[in-house]
Each structure stands twice: as C-alpha cells, then as structure tokens.
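Per full-length UniProt numbering: the sequence shown = residues 1 to 163.
These are calculated hints, taken from the structure and not from any lab test.
Heads up, a few of these hints could be off.
[Unchecked claim] Distance condition first, Cα-Cα at most 30 Å in a straight line; then the derived DSS-like pairs of lysine-lysine:
hint, residue 1, residue 2
1, K145, K3
2, K75, K110
3, K43, K3
4, K9, K91
5, K145, K75
6, K110, K3
7, K110, K145
8, K145, K43
9, K110, K43
10, K3, K84
11, K75, K43
12, K75, K142
13, K9, K142
14, K91, K142
15, K84, K43
16, K84, K110
17, K43, K142
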Amino acid sequence: MKKIINPWKNMEGYNCFGCSPDNEAGVRMEFYEDGDEVVSIWKPRPEYQGWLNTLHGGIQSVLLDEICGWVVFRKLQTGGVTSKMETRFRKSISTNDTHVVLRASLREQKRNIAIIEARLYNSMGELCTEATCTYFTFPQEKAEKEMCFHHCDVEPDEILPLI
C-alpha cells in the first residue's frame with residue numbers, strides 16, 4: 001500500500017470533519033491506495049458512541065462517505081459532492097475495538113456520475129457496514145477553482161500502516 005498525500009494539508013482554513021488532521025472534533029482519517037481500492041484504518045473513540053460502547057451510525061456514515069470522496073480525488077483526479085448514499089448496517093462496532101478498516105472502490109462511472117462502493121470491517125475482519133455512494137464529479141477546472149484541488153498523489157514508498 002502507498003499512503004495518499006492529503007492535498008489540503010497545511011492549507012489555511014482547511015478543517016474538514018472527515019480528513020483534516022487538525023480538526024480536534026473530527027475523525028482525522030488517513031488514506032492509502034491498495035490496487036484499485038482506497039483504504040483507511042481508523043481507531044474508534046468513546047466520544048463517537050451512540051449506544052453504550054457502540055459506534056454511532058452517523059459516524060460510520062461519515063467514515064464511509066469520506067472514503068468514497070477520496071476514491072474520487074485519487075482515482076478520478078477531481079473533486080465532487082455526494083448526491084446519494086445508501087448504507088446498510090449489518091453488525092454493530094464497539095468503540096473499544098482496536099481499529100476498523102474501510103475499503104472503497106469505483107464501481108461505475110458515467111460522464112460526471114461516479115458510483116462508489118465502500119465497506120467497513122471491525123478489527124476481526126467482519127463486515128459491519130457497507131455503503132454505495134453516488135457522487136456528482138466536477139470538471140477538473142471547477143474542482144481546482146472551487147475546491148482548491150490540483151491533484152492527489154501517493155507517497156513513493158510502499159508501507160504497512162500501523163494498526
């Protein structure tokens with residue numbers, strides 16, 4: 001796997017709830033490229049619980065939506081917005097779990113519409129939640145002008161993320 005470089009890191013005003021490393025209240029996701037997939041390894045925290053020791057479904061949706069967005073950034077090299085998201089919660093996730101793994105990939109693209117599938121697994125590798133996101137993608141000029149998006153690269157060296 002290669003770590004995906006966050007193109008907005010250190011940008012003035014960048015405070016994304018999903019991926020900004022500086023947003024104290026955010027989930028601070030990082031992403032990796034593994035073949036056709038974008039991967040994220042994330043540590044649940046007690047402040048994101050819904051029911052006792054259970055990761056809130058809204059936070060799970062944030063994680064899944066965010067990784068889908070990074071498929072657009074990395075694989076399509078543009079920006080976009082979520083226009084639809086269908087989520088299926090299969091198994092609860094403990095906020096005491098050591099980590100969760102998210103995987104997402106592009107299923108289909110037609111002109112400016114991208115269909116992305118994402119899955120969230122607990123630390124034992126059990127599928128807990130899955131989502132299909134429909135993204136409206138921008139022409140690269142619009143992504144650059146409105147999202148300050150120029151390109152999304154990976155670090156040159158292969159790494160094994162710390163779990």
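Verification of the supplied hints:
1. Taking the CA atoms of K145 and K3, the gap is near 25 Å; set against the 30 Å cutoff, the hint holds.
2. A hinted pair counts as satisfied when its Cα atoms are at most 30 Å apart, and K75 with K110 qualifies at roughly 14 Å.
3. Pair hint K43 plus K3 holds up; C-alpha atoms about 17 Å apart against a cutoff of 30 Å.
4. A distance of roughly 33 Å separates the Cα atoms of K9 and K91; the hinted pair therefore is violated under the 30 Å criterion.
5. Straight-line distance between C-alpha atoms of K145 and K75 comes to about 19 Å, which keeps the hinted pair within the 30 Å bound.
6. For the hint linking K110 to K3, the alpha-carbon distance of about 28 Å falls within 30 Å, and the restraint holds.
7. At most 30 Å may separate the alpha-carbon atoms for a hinted pair to count; K110 and K145 meet this at roughly 23 Å.
8. The straight-line distance between the Cα atoms of K145 and K43 is roughly 33 Å, outside the 30 Å bound, and the hint therefore fails.
9. At roughly 34 Å between alpha-carbon atoms, K110 and K43 are farther apart than 30 Å, so this suggested pair is violated.
10. A C-alpha spacing of about 27 Å is found between K3 and K84, which places the hinted pair at or below 30 Å, so the restraint holds.
11. Under the criterion of a C-alpha separation no larger than 30 Å, the hint pairing K75 with K43 is consistent with the structure, at around 25 Å.
12. For a cut-off of 30 Å, the pair hint linking K75 to K142 stands: about 17 Å separates their Cα positions.
13. For the proposed pair K9 and K142, the alpha carbon gap of about 20 Å is at most 30 Å, so the pair holds.
14. For a cut-off of 30 Å, the pair hint linking K91 to K142 is broken: about 39 Å separates their Cα positions.
15. Proximity of K84 to K43 is assessed by CA-CA distance (about 26 Å); at most 30 Å being required, the pair is judged to hold.
16. Distance check on the hinted pair: K84 and K110 sit about 15 Å apart at the alpha-carbon level, within 30 Å; holds.
17. The hinted pair formed by K43 and K142 fails the criterion: a straight-line CA distance of about 34 Å is larger than 30 Å.
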